[in-house]
Structures are given as C-alpha cells and as structure tokens.
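**Q** What follows is the residue order along each chain.
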Amino acid sequence: MQFWIIQTLNSLALGGLLFLLSSGFSLIFGLMRIANLTHGALFMLGAYVGVSILKFVPNLWLAAVLGGLVIAAFGALIERLILRKLAGNSLGQVLVTLGIAFILADFCLMVWGGDPIPVQTPESLRQPLVVGGVAFPTYRLVVLVIAIVTAFALYLLMERTRLGAMIRAGVDDMQMARAVGIPVSKLFTIVFCLGAGLAGAGGIIGGPILSAYPGLDADMLPLALIVVILGGVGSLVGAFIGSFIVGIVYTFGTALFPDLAYVILFLPMIFVIAFRPRGLFGRQQ
Amino acid sequence: MKRVAWVVLVAALTGFPLAGGNFYINLASQIFIAVIFAASLNLLVGYGGLPSLGHAAYLGMTAYLSGWLYLKLGLAHSLTAPLALAGTTLMAGIFGLFALRATGLGFLMITLALSQVLWGTAYRWASVTNGDNGLSGLTRPAPFGISLDGPVAFYYFALIVTVVSMWMMARFVGSPFGAALRGTRDQARRMSALGHNVWLIRWVTFIYAGFWGGVAGLLYVYYHKYIHPTSLSLTSSAEGLLGVIAGGSGTLAGPVIGAAIIVILKNYVSAYIERWNMLLGFVFVAIVLFMPDGLVPGMRRLWARWKARSPG
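Here the protein sequences line up with chains A and B, keeping their order.
Under numbering that gives the first Met the number 0, the first sequence has 194 at position 195, and the numbering climbs by one with no breaks.
Under numbering that gives the first Met the number 0, the second sequence has 155 at position 156, and the numbering climbs by one with no breaks.
Isolated chain A, as found in the complex (with noise of 0.2 Å):
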C-alpha cells in the first residue's frame, strides 16, 4: 500500500515538474515554429544558479522566482539576439538552440564540477505528512500543488486576459494575427521568457527530488518532448495532461522494471502517434 501511495506521488510530483518543463515548450512550439532545444539546458540552468542562489538566499521558493526571473532573461536575450537572426528558418532556429544547449551544457560542468549536488528540501516540509496512518512526503506534495497553480494561472493569463488573447491568436494563424495589428514579433520575446522562466523555476523547484547534476538537461529534453508530442503542440490542456501520463508511466516503469522504463515510456507515445499523430489536443494544421 505504502508503495503504491508514494509512487503514485512521486509520479505526480515528476508530472508537475514536468509540467513547468514542457507547457512553456508547447507554447513556444505553438507560436513560434520552434522546437527549443535548450529547453533541458535551461532547466538544468535553473537547478544550478538556483544552488548558486541558496548560497546566499536560504529560501527555496524565493531561489525559485529569481532563478526563474535570470533564466528569463537569458531566454530573452536568446530570443533577441539570435532567433530573432533566423526569422522564418526554423530548421535554422532549432539547430541554433541545439548548439545553445551543448554550450549551456558544457558551461554548466566547467562552473559547478561533474559531482551532483543535492538540494535541500525547506525545513518546514521535511516531516511526512501523516493522513490515516499513512505517511505522504509533503514536499511532493506541495510541488503537485504549485504545478495545478501554475497550470490555473497560466490558463487564466491564455484565456481570460489579453495578451493571451493575442497569443492564441498568433498560435492560430500568425500573418492573420499579423495583419489585425498584433505585435507578434513582442509576443515571441514574451512567451519565449515565460517558457524560460518556468523551465528555470522548474529546475530549482525539482531540486531537491532530482537535485542538479550534469545529464539532466538530456534527461529532461526527451520527456519534455515525448509530452509534446503525446498532449499535442502548443495545447496546454495537453502538456497538463501529457505531463501527468509521462511522470506516472515513467516513474512506476522505473519502479517495476528499471531496466527497461526508458522503453515502457515509448509505448504511450506509439500508440498516440499510431492513431492520433498530432497528439491528444493538438489541433488539425
């Protein structure tokens, strides 16, 4: 019984993150061509200036909003500087955010060493949280918690405000959303910081389940993308709930059978693309 709860927690939480990870992955995929390569980079990133950060701030969720806050900076700064180069080639964009992520990768080796370094959780979430005579890890369960935050606000800002109006506008048809007067070329910057920003928070807030050590960003990048593709791109529902289908499988496969859960991770993702190649929520190009 034991198992089978903090399993299914573990996968919840691996759902959240994974969640931060790929929904600002979906967004830049959905506006702006882009299959963002550093998205694994930057959220490797992310756990490493957040270890920097609790150096000096002994807070993790304060490390979480201004690590995010850098990492979307440099996001925006890689938007401006180089994407921005490549307007229209996106084969171009994507090999660029590929070497992107070898440098962000090697740099991060030669600043914090190959050791990986653990991250603590905050003292006031270290007690399990006993509920019936079974213990559930509250940190887990907080990051389950701030993934569904985030996951509300974010559908709040896409639908109900209007700049994710005009994000969704531009999702759906670009030279349209062009042609009606909306600054598309601003919403890029935008959602390409957000989608940093998340990925960086993302690392720091999965630091103490996964804690920061070099190959995360390779580990991430593939169950960012298998997401993508299983929810559909530029879909938020479906990196909600691709994300939550990915941590669950992942994890019990990793559990039940540890050899073999990088192949078990495959299935769901043949199966939707066996039926359903644009994914569960993605829509008809």
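Where hints are given, some of them may not hold.
[Stated by the list, open to error] Simulated coverage check for chain B against chain A, where a stretch passes if three residues somewhere in it have a Cβ under 8 Å from a Cβ of chain A:
(1) 101-107
(2) 221-235
(3) 268-281
Treat the hints as calculated values from the structure; they're not laboratory data.
For each residue, glycine too, the CB sits at the ideal point set by N, CA and C.
Chain B: place on chain A using the hints.
**A** Only chain B this time, still in chain A's reference frame:
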C-alpha cells in the same frame, strides 16, 4: 580537368598511409566512418528534406548488436555483421513508420525522442548493454584472412567500405528514385498528384539511410573495439547533422567535407582543451548564423563568381 582531379584524389587516398604516421592514418579512418555516417544522414536531410536528429540510433544499434552477438552468443564476424545490419535495417523500418507520421519539426522531434529512448535504454539495461561501462573486449574481423588490427590495414578496409558506400549512395541519389525523392522534398503535394507515393518514397529512403548509418556503425565498432552509450547520444547525432550542414546538405561532396572538418576539429581540439561540447555548440551556432548553406555551395558560388570575372 575533372578527370585529373579524380586521379589525384585516388592516388592521394591510396598513397596516404605511405606518407602519414599512425596518428594521421587512424585519423583518416575515423574520417571515413564519419563520412559514411554524414552521407547517410544527408539522404534524409539534404535529399529528402527530412531533418532527422536521431541518426546515431542506427550507428549505435549496429555497433551494440554486433558487439552483443559477438560477446554473448560468440558468433563469428561473418555472422555478426550481416545480422547486426539486418537488425538495424529492420529497426529503421519500424522507426520510419512512426517518424514519418510527421514531417518537418514533428519528424525531428520524433526521431530525437526515438534515439533518446535507445540511448536511455543502453545506459540502464545493464544486463544486456553493460550500462555505463560499455561493451569491451571486441575484436576486428579478418576478411579473407587479412588481419585488420594494424592501422594501415584498417585504413584500406575503411577506404574500400567508404568508396562502396558513397558509390551506392550516389547511385541512389542519381537514380529516378532519387529524382522522385527530391521531388517529394520540394513539392510533396505535386508529387502526390502526379501519382507518386510520397510516403513510400520517404519510408524507403529512411530505411536506406538507416542501413548506411548501420554500416558506419559497423566500422565504428571495429575501429574502437568498444561501444558506449554516448555513441547513441544526442551529441553523436548532432555531430553528424552538423557535418551535413557545415559541408552543405543536398550535395554529395558536402557531408564528406563537413564530416572531415568535424573529425579533425574534434581530434585537434580535444588534444588542447576539454570543452569539445562547448566548441561543437559554438560551431553549430556560427554555421547556422553565418553559413546556412554550408561550405560546398558557398565555395561553388565563390568559384562561379570568380570564373565569371576572369574570362577564359
């Protein structure tokens, strides 16, 4: 003029081991492997317009299959090579079924995800792949009783395989099928309207590219006598893709030159600094920003301009 150039090239390639030391001979062998790998990827990227970011899957799969069959089943090289290639080709056929549900960036993401799945499995399925330790204790084959253990012998073996591979790929591209393939790249809808089965053309190309990627993998595992999950990694796929793009995708000479540059850069630079991945990243960004067409088309343009300026 052109014939002279070919004769010089053949003489240079044949005579190279006489002039170079072992370091350079081994470097040349590594270049041959990278050339086959990049050229096979170029079939998809350059001629098919299908940007694959998971081509290392075929190189690594063949290498692992060949190593595993040799170590665990004790099969002879004459059996492991065809079995490994057949297995890889079969896998390319299956992967193609999924990857070709999409084109463009969707295709790129699916090929990347598929190869990452193999990479992760190679790391974690330690009972089969030996995990992070890799498969070691492999040997090189001895075709017709000629040992390939020396660098010179291996150089000629790799040279022959490379020439055959390049010739086969050039034939493929030059054939009517190759013309149809370029048609699907440029005008998929029109090709479809003309009665071509676009999907089938792409699928066959996918399999063919996977097969030659596997041939590169076979040479790779013979050269190193060792195989590690990094050969399946995104870095490995990206090096191949960078070779194609740096040289010029959609040209026969492009990937040859691009792959050679990458291998030389990697060998020289890693002798001085550890940061190969960072340099690879910078080269990637620089090539895409400043030379999006690649070296070969760029040089060709310069050559044409020079010729136009100086008559005769």
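**Q** With reference to the structure, classify each hint as holding or not holding.
**A** Each hint, compared with the structure:
Only when three residues or more bring their CB closer than 8 Å to a CB of chain A does the claim for the region 101-107 of chain B stand; here the count is 5, and the claim holds. Restraint check on the region 221-235 of chain B versus chain A: 3 residues with Cβ-Cβ distances below 8 Å, three needed, restraint holds. Counting residues of the region 268-281 of chain B whose CB falls under 8 Å from any CB of chain A gives 6; the rule of at least 3 is met.
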